[in-house]
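Q: Protein chains in written order, with our numbering: chain A, 1 to 360; chain B, 1 to 360.
Be careful, since some hints might not be right.
Identical copies look the same in the list; a pair holds intra-copy or inter-copy alike.
Unchecked claim - Mimicking BS3-like on lysine-lysine, the simulated pairs with C-alpha atoms at most 30 Å apart in a straight line are: (1) 262 x 231; (2) 303 x 345; (3) 303 x 285; (4) 303 x 344; (5) 285 x 105.
The hints are simulated quantities; they were obtained by calculation from the structure and are not laboratory data.
Read off the chains here:
Protein chains: 2
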Amino acid sequence: MKRLKTIDWADDGVVIIDQTRLPGELLYRRIDDVEAMFHAIRELRVRGAPAIGIAAAFGCCLSIADFPEHGSAHDLLILLEKNGDFLADARPTAVNLVWAVNRMKKRARELARSSTIAAMKQGLHAEAVAILEEDRRMGRSIGEHGARLLSDVSSILTHCNAGGLATAEYGTALAPVYVAAEQGKVFTVYADETRPLLQGARITAFELQQAGIPVILMCDNMAATVMAQGKVQAAIVGADRIAANGDTANKIGTYGVALLAKAHRLPFYVAAPSSTFDLNCPTGKGIPIEEREAEEITCGFGKRTAPDNVAVFNPAFDVTPAELISAFVTERGVVRPPFTETIKKVVGGGRDGGGSLLIR
Amino acid sequence: MKRLKTIDWADDGVVIIDQTRLPGELLYRRIDDVEAMFHAIRELRVRGAPAIGIAAAFGCCLSIADFPEHGSAHDLLILLEKNGDFLADARPTAVNLVWAVNRMKKRARELARSSTIAAMKQGLHAEAVAILEEDRRMGRSIGEHGARLLSDVSSILTHCNAGGLATAEYGTALAPVYVAAEQGKVFTVYADETRPLLQGARITAFELQQAGIPVILMCDNMAATVMAQGKVQAAIVGADRIAANGDTANKIGTYGVALLAKAHRLPFYVAAPSSTFDLNCPTGKGIPIEEREAEEITCGFGKRTAPDNVAVFNPAFDVTPAELISAFVTERGVVRPPFTETIKKVVGGGRDGGGSLLIR
Chain A
1 MKRLKTIDWA DDGVVIIDQT RLPGELLYRR IDDVEAMFHA IRELRVRGAP AIGIAAAFGC
61 CLSIADFPEH GSAHDLLILL EKNGDFLADA RPTAVNLVWA VNRMKKRARE LARSSTIAAM
121 KQGLHAEAVA ILEEDRRMGR SIGEHGARLL SDVSSILTHC NAGGLATAEY GTALAPVYVA
181 AEQGKVFTVY ADETRPLLQG ARITAFELQQ AGIPVILMCD NMAATVMAQG KVQAAIVGAD
241 RIAANGDTAN KIGTYGVALL AKAHRLPFYV AAPSSTFDLN CPTGKGIPIE EREAEEITCG
301 FGKRTAPDNV AVFNPAFDVT PAELISAFVT ERGVVRPPFT ETIKKVVGGG RDGGGSLLIR
Chain B
1 MKRLKTIDWA DDGVVIIDQT RLPGELLYRR IDDVEAMFHA IRELRVRGAP AIGIAAAFGC
61 CLSIADFPEH GSAHDLLILL EKNGDFLADA RPTAVNLVWA VNRMKKRARE LARSSTIAAM
121 KQGLHAEAVA ILEEDRRMGR SIGEHGARLL SDVSSILTHC NAGGLATAEY GTALAPVYVA
181 AEQGKVFTVY ADETRPLLQG ARITAFELQQ AGIPVILMCD NMAATVMAQG KVQAAIVGAD
241 RIAANGDTAN KIGTYGVALL AKAHRLPFYV AAPSSTFDLN CPTGKGIPIE EREAEEITCG
301 FGKRTAPDNV AVFNPAFDVT PAELISAFVT ERGVVRPPFT ETIKKVVGGG RDGGGSLLIR
């Protein structure tokens, strides 16, 4: 099975797949400085909550690459914190971005105590690579837990792209599909195209097709019919930020899919690494929602499709209330209600705190 | 207030607004023969269930325009029936198309008994004009009933285009908005863009903007958020065919909007002339659903937005079960549950059978 490398470090720079060019072109783009990384994140050239966490970590490394060997550790720390905060502002909703930046800052503070500048740079690079490698392992683990959870299901609906191209490799929502395929089970995936930016049509359909997984593309407003006709037995999506009570911010349209799944008595799953849970955010009300430009809706296809000067509502995300979510699939296991308790257990244990804390 | 003339007869031909050119261009296109009318209907240059009924009636007139004055009434009848059936096949879901063709055939049979060829042509032309004029009056009447029904509402959500451009003038779902505006009340309309063909973005937003009504355009998958945030107090849509039990076929995505309205405890209204009810169709299961080309989704706007050869699901309509519909707004009044009884009353009375049969 062919899985693409969304983001990687190569020759003192970062190489990403430019996702704004998909599906027409598989373009690998080299990024050499922190400004370019900021814009790559903001313009969605690299996207997906886990992937932009990795991108921010690498961006931190790029931002200190030219720091002089004879400089002070304190100055390097200040530079890294400033650039980290700059990167963290590229998009407001995904918690992984802030999480990755904070992890890099923390590691920098540790290293500053006793290391040379060269060793600090090396240590920070190792930390960013660790974030990427952990993400790969997390995707695999989410896939294993998810494949078991979906053992009675043969056809799923997904929204946006929470696949390999949103992460380092396996993805989150699509990880169970890839792991199942390795185990010889082939899912059929109904992919919402996901307006306005069509991540479902451009990216999910592309990566599943590349991997040889049957995918059926449709418009967002066809999901209700697909469910009513019994074409899918579950819906599974990714997440950009999950509050302590389980309320989940994800791509606009997710909340609607969750309501439709409930109306058709289908399970609705959210797949995300434990770093997506934000215990500092008690409920979904505390999650900032990015609003984007009107032009994404009025001329998204390279052609103006709405009258000039029309007013537009264009939130990039919505919040799905916890009560619509059947379970979370994390790298540590499947998290079921009551979420206020179970989430605290899975996240409270520390990020690397001991594998599968929760038994299915 | 500026309302556009969707379709009209002029100088022995038909003039339509070519709706595939909106919103970029307000192009009036002349149609001179039945083949051209068939293609105008099939390619959605003229669209909306009531408007394509009018188009088919005019198409019937065009199809006999060159019939020789010395020919037999029987032959003219056969020609009209053949061309009527041809037009009725242009699109499968809207009942108004078949209804208008049947009405023209019936009138032709009446006229054939005693009229000259010239008088038959004249009589049929008068019948087509009558269909158009009745549609105008029906829109106005739907608007009056709807404006009363929505008297406590200031902001509505609509899907697709059931406005003036779907009919001769006032529209169905938007008729209450236009009538209210004449009465000095200004609604705010949230318009779903309505993928794949973007009738909401291209047509609803255009005609409301032309009329000076506040309209806010959004993607279909934002409707749930608009409802959750209390931005609208009701949803109202048109219909292509309504079964005897109230099950309603309308543009794909309508069923989803109805489910979302229910989840947010908002009323969901369907506005349609009584000719849209099909008593020969007991439930929604009997309504044929048109499936359209994959390219509408994969390269809808002159740009390919999905990988080559991807499988696509593209139903043009869906069926909303009667139990999700709060009421129908017809030219004869507001029809409330139990629909199996009330629909029979409103439609059974004959199409011109006496004004508002049902009191709100």
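Q: Hints first: check each against the structure and report whether it holds.
A: Outcome of the hint check:
1. 262 x 231: both (15 Å within a copy, 23 Å between copies)
2. 303 x 345: neither (49 Å within a copy, 47 Å between copies)
3. 303 x 285: neither (36 Å within a copy, 38 Å between copies)
4. 303 x 344: Answer is neither; intra-copy 47 Å and inter-copy 46 Å both fail.
5. 285 x 105: within (28 Å within a copy, 61 Å between copies)
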